[in-house]
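Construct all of the structure, not just a fragment, from the sequences and the given hints.
Each chain is listed here by its residues.
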Amino acid sequence: MSKAVLQKLKAKFGDAILETHSDLEIERRLVTAQSWKSICQYLRDESTLDFDMFVDLCGVDYPARLPRMEVVLHLYSTTRRHRVRLKTRVGDEDMEEANLDSVTSVWVGADWFEREVYDLSGVTFRGHPDLRRILMYPEFQGHPLLKDYPAQKTQPLVEYRTEAEAGVPLEKQAPFRADEGMSFGRFDWLHRNDEENPTDEPLGVVHSMKPSPEAGYRNGADAGANHTPPEPHQPKQGPKQDPSQEKVS
Amino acid sequence: MEPIDLELEEGELELPAEPMHLNMGPSHPAMHGTVRIVLELSGETIVKADVQIGYLHRGFEKMCERGTWAQVFPYVDRLNYVSPMLNNVGYALAVEKMCGIQVPDRCQWYRMALGELARISDHLTCTGAMAMELGAFTPFLWFIKAREMVWDILEEETGARLTHSFGRIGGMAAPPTRGFKELCRGALAQIIHIVEEGEKMLLRNRIFIDRLENIGIISGKDAVALSWTGPCLRASGVAYDIRKAHPYLKYDEVDFDVPIGKHGDNMDRFLVRLEEIRQSKRILEQVLERMPDDGPVSVDDPRVMLPPKGDVYTTIEATIQHFKLIMEGAKVPKGEVYSYTEGGNGELGFYMVSDGSGTPYRVRIRPPCFPIVAGLQKLITDRMLSDIVPTFGSLNMIGGECDH
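Each protein sequence line maps, in turn, to chains A and B. With the numbering used here, you'll find the first sequence wraps up at 249, consecutive numbering, no jumps. With the numbering used here, you'll find the second sequence wraps up at 404, consecutive numbering, no jumps.
Treat the hints as calculated values from the structure; they're not laboratory data. Please read all numbers here as calculations on a predicted model, not as lab measurements. Watch out, some of these pointers could steer you wrong.
[Claimed, not checked] Each computed BS3-like pair below joins lysine-lysine, with the alpha-carbon atoms no more than 27 Å apart:
#1 Lys281(B) to Lys145(B)
#2 Lys181(B) to Lys147(A)
#3 Lys324(B) to Lys147(A)
#4 Lys87(A) to Lys221(B)
#5 Lys281(B) to Lys181(B)
#6 Lys87(A) to Lys62(B)
#7 Lys200(B) to Lys221(B)
#8 Lys153(A) to Lys309(B)
#9 Lys309(B) to Lys87(A)
#10 Lys87(A) to Lys281(B)
#11 Lys244(B) to Lys262(B)
#12 Lys145(B) to Lys147(A)
#13 Lys334(B) to Lys87(A)
#14 Lys331(B) to Lys62(B)
#15 Lys37(A) to Lys221(B)
#16 Lys281(B) to Lys244(B)
#17 Lys334(B) to Lys324(B)
#18 Lys250(B) to Lys200(B)
#19 Lys147(A) to Lys331(B)
#20 Lys147(A) to Lys334(B)
#21 Lys37(A) to Lys378(B)
#22 Lys87(A) to Lys37(A)
[As the list claims (entries may be wrong)] Calculated from the model, a selection of chain A residues having no Cβ within reach of chain B, i.e. all distances over 12 Å:
#23 Gln34
#24 Leu49
#25 Pro67
#26 Ser77
#27 Asp94
#28 Asn99
#29 Gly127
#30 Pro156
#31 Val158
We put the beta carbon where it would ideally sit given N, CA and C, even for glycine.
Structure, rendered in structure tokens:
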């Protein structure tokens with residue numbers, strides 16, 4: 001069975017397959033990074049192979065080798081009950097150029113796995129819909145599963161925003177912002193129709209968020225500070241206040 | 001109080017409609033303390049949801065690269081902390097696959113018995129907690145009582161209730177105790193009785209049924225595309241159980257059925273788990289029947305097994321062997337392996353790379369509930385806010401496993 005998978009791949013992609021090996025029950029092959037997505041597409045769509053389940057994706061770092069990061073993919077076919085392991089290598093010694101095409105369009109399940117490999121191993125997936133850290137927090141520096149990331153390394157504390165950034169004195173700042181970690185959320189909504197503040201910033205980059213008067217706790221905090229709210233995002237306040245006035249009367 | 005009589009125009013009477021943003025978790029009791037869901041609501045309907053994990057990340061994979069192969073066992077205990085024995089066995093099988101070790105028959109039966117006990121405890125916790133989160137507290141207490149029986153057996157066998165660290169490369173830490181079979185048989189009858197009683201309480205409860213049926217539906221095709229495995233996938237009608245599809249240990253020699261659901265809703269996931277408890281009981285009965293009462297539980301291989309303590313203190317060979325195994329660790333041949341077993345939530349995979357030394361070069365765990373939680377967003381979008389709790393409960397998310 002596995003031999004047949006191998007022959008089909010060889011016939012179709014030829015030079016893109018660098019190494020093949022059969023080790024401990026699972027066929028594995030090493031392919032070039034350029035052909036990564038097309039091979040994945042082929043493995044899923046070819047009816048005799050039918051790899052419909054994305055099982056696992058991980059990065060293995062070999063600092064002494066070039067390219068250094070080996071990305072390992074495991075696939076399974078629920079109909080034919082066979083498995084395959086697909087590998088490719090990306091990245092130079094500083095993990096530059098560690099890019100790979102995302103296969104989220106081939107298997108939906110690849111989404112979080114690719115985010116995880118990006119987070120822990122530092123491989124960037126081109127075309128991923130929402131590539132941000134998943135297990136680590138957004139301010140985390142480095143990628144912990146690289147072999148040159150020391151296990152005892154400590155991370156810098158996430159700093160408070162400066163007074164200029166937040167628009168409130170330091171002692172009045174909450175330890176976290178109201179929209180912190182919200183991939184979409186208050187900030188996004190307020191700026192939705194605002195052309196001056198495009199929201200296509202990479203998600204999870206909190207530092208780039210600008211203060212807005214409507215964001216949660218700042219309503220109260222702003223009262224004491226000389227902070228003029230930016231004009232464009234005032235929600236329609238007219239109808240909002242009316243019901244409360246009715247109750248009072 | 002006088003009725004409010006104000007002159008208002010049409011437009012003013014309408015309430016302002018703007019999406020509300022709600023932050024559910026991580027300290028919400030139904031989020032198990034480890035998940036956060038950012039929601040955009042329109043009324044009570046969820047327009048957008050973003051599931052965020054990582055609150056329980058402890059760097060499992062990085063830690064594994066620092067000790068010996070045997071020192072990983074305590075870490076795997078803490079991955080799925082509801083059924084640690086399944087992880088122990090899964091990891092032991094993976095390392096043995098690399099070393100080319102086949103454990104003795106008695107050990108294989110023993111591992112199956114302990115594994116099925118752990119699976120029962122896993123499913124009891126999940127179904128019980130699901131009921132509790134919907135307000136049915138009594139069945140939860142009953143199921144926990146049943147789980148205590150399982151844990152009492154495991155405590156008797158391993159010495160620890162939860163974090164057993166009982167697996168070894170090439171066997172188990174100790175042979176079964178003398179009363180193991182009787183203990184199991186006695187407890188099983190009671191557990192099934194409790195499950196039946198709990199079922200009667202829940203499955204005739206209008207509120208419980210209404211909150212489960214036709215909610216959180218996912219088709220088999222979608223579930224496969226999302227890489228779901230285990231009870232959640234089987235509830236969608238795909239009969240993929242590794243114990244049947246790719247039998248390991250002695251699963252090909254025992255007789256059991258793989259329950260599957262029809263609709264893939266919360267109710268199906270609940271029922272599949274309850275049925276799997278019964279199937280585990282069936283497996284256990286056969287295992288207890290066939291497990292030999294004597295014989296070795298560990299391989300007689302000095303490369304991986306620690307020598308008997310008595311020899312360590314009296315002979316130089318055993319002392320050296322002990323020293324080498326503790327200080328350098330068992331040498332695992334150079335190579336890589338992907339080993340997969342059926343965990344409580346589905347396919348528990350270990351992809352491991354060895355450079356031939358006593359320390360793992362890379363241990364990658366494929367946690368079954370990681371892709372399942374990834375699918376949560378799809379299940380709750382366009383549903384009501386109150387559907388999150390039963391849907392999330394039915395997925396049985398285990399933080400330790402999902403966040404590594």
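Consistency of the hints with the structure:
Proximity of lysine 281(B) to lysine 145(B) is assessed by CA-CA distance (about 17 Å); at most 27 Å being required, the pair is judged to hold. Between lysine 181(B) and lysine 147(A), the direct Cα distance comes to roughly 47 Å. Violation of the 27 Å bound is thereby established for this hinted pair. Between lysine 324(B) and lysine 147(A) the CA atoms are separated by roughly 26 Å; this keeps the pair inside 27 Å, and the hint holds. Of the supplied pair hints, the one linking lysine 87(A) and lysine 221(B) holds, its CA atoms being roughly 26 Å apart against a limit of 27 Å.
Using a Cα cut-off of 27 Å, the hinted pair lysine 281(B) and lysine 181(B) holds, with the two alpha carbons roughly 13 Å apart. With a C-alpha separation of about 21 Å, the suggested pair lysine 87(A) and lysine 62(B) falls inside the 27 Å cut-off, and the hint holds. Note on lysine 200(B) and lysine 221(B): the hinted pairing is violated, with a Cα-Cα distance of about 32 Å set against a maximum of 27 Å. Taken as a hint, the lysine 153(A) and lysine 309(B) pair is broken in the structure, with Cα atoms around 38 Å apart against an allowance of 27 Å.
Simply put, lysine 309(B) and lysine 87(A) have alpha-carbon atoms about 44 Å apart, too far for the 27 Å limit, and the pair is violated. Simply put, lysine 87(A) and lysine 281(B) have alpha-carbon atoms about 41 Å apart, too far for the 27 Å limit, and the pair is violated. Using a Cα cut-off of 27 Å, the hinted pair lysine 244(B) and lysine 262(B) holds, with the two alpha carbons roughly 19 Å apart. A hinted pair counts as satisfied when its Cα atoms are at most 27 Å apart, and lysine 145(B) with lysine 147(A) does not qualify at roughly 46 Å.
A C-alpha spacing of about 18 Å is found between lysine 334(B) and lysine 87(A), which places the hinted pair at or below 27 Å, so the restraint holds. In summary, the hint linking lysine 331(B) to lysine 62(B) is supported, as the alpha carbons are separated by about 19 Å, within the 27 Å threshold. For the proposed pair lysine 37(A) and lysine 221(B), the alpha carbon gap of about 21 Å is at most 27 Å, so the pair holds. Of the supplied pair hints, the one linking lysine 281(B) and lysine 244(B) holds, its CA atoms being roughly 16 Å apart against a limit of 27 Å.
Only pairs whose Cα atoms come within 27 Å are accepted, and lysine 334(B) paired with lysine 324(B) is accepted, the gap being roughly 18 Å. Taken as a hint, the lysine 250(B) and lysine 200(B) pair is broken in the structure, with Cα atoms around 34 Å apart against an allowance of 27 Å. The suggested pairing of lysine 147(A) with lysine 331(B) holds, with an alpha-carbon distance near 21 Å, which does not exceed 27 Å. Under the criterion of a C-alpha separation no larger than 27 Å, the hint pairing lysine 147(A) with lysine 334(B) is consistent with the structure, at around 18 Å.
A distance of roughly 24 Å separates the Cα atoms of lysine 37(A) and lysine 378(B); the hinted pair therefore holds under the 27 Å criterion. The straight-line distance between the Cα atoms of lysine 87(A) and lysine 37(A) is roughly 12 Å, inside the 27 Å bound, and the hint therefore holds. In this structure glutamine 34(A) is separated from chain B by more than 12 Å, as the shortest Cβ-Cβ distance comes to about 24 Å. No beta-carbon of chain B comes within 12 Å of the beta-carbon of leucine 49(A); the shortest separation is about 15 Å.
Annotated as non-interface, proline 67(A) keeps its C-beta farther than 12 Å from every C-beta of chain B; the closest such distance is 16 Å. Its closest Cβ contact with chain B, about 10 Å, brings serine 77(A) to no more than 12 Å, contrary to its assignment away from the interface. Here aspartate 94(A) stays apart from chain B, with its beta-carbon at least about 20 Å from theirs, past the 12 Å limit. The claim that asparagine 99(A) lies off the interface holds: its Cβ sits roughly 21 Å from the closest Cβ of chain B, which is beyond the 12 Å cut-off.
Residue placement check: glycine 127(A) keeps its beta carbon more than 12 Å from all beta carbons of chain B (closest about 17 Å). Taking the minimum C-beta to C-beta distance to chain B, about 17 Å, the non-interface status of proline 156(A) holds against the 12 Å cut. Annotated as non-interface, valine 158(A) keeps its C-beta farther than 12 Å from every C-beta of chain B; the closest such distance is 15 Å.
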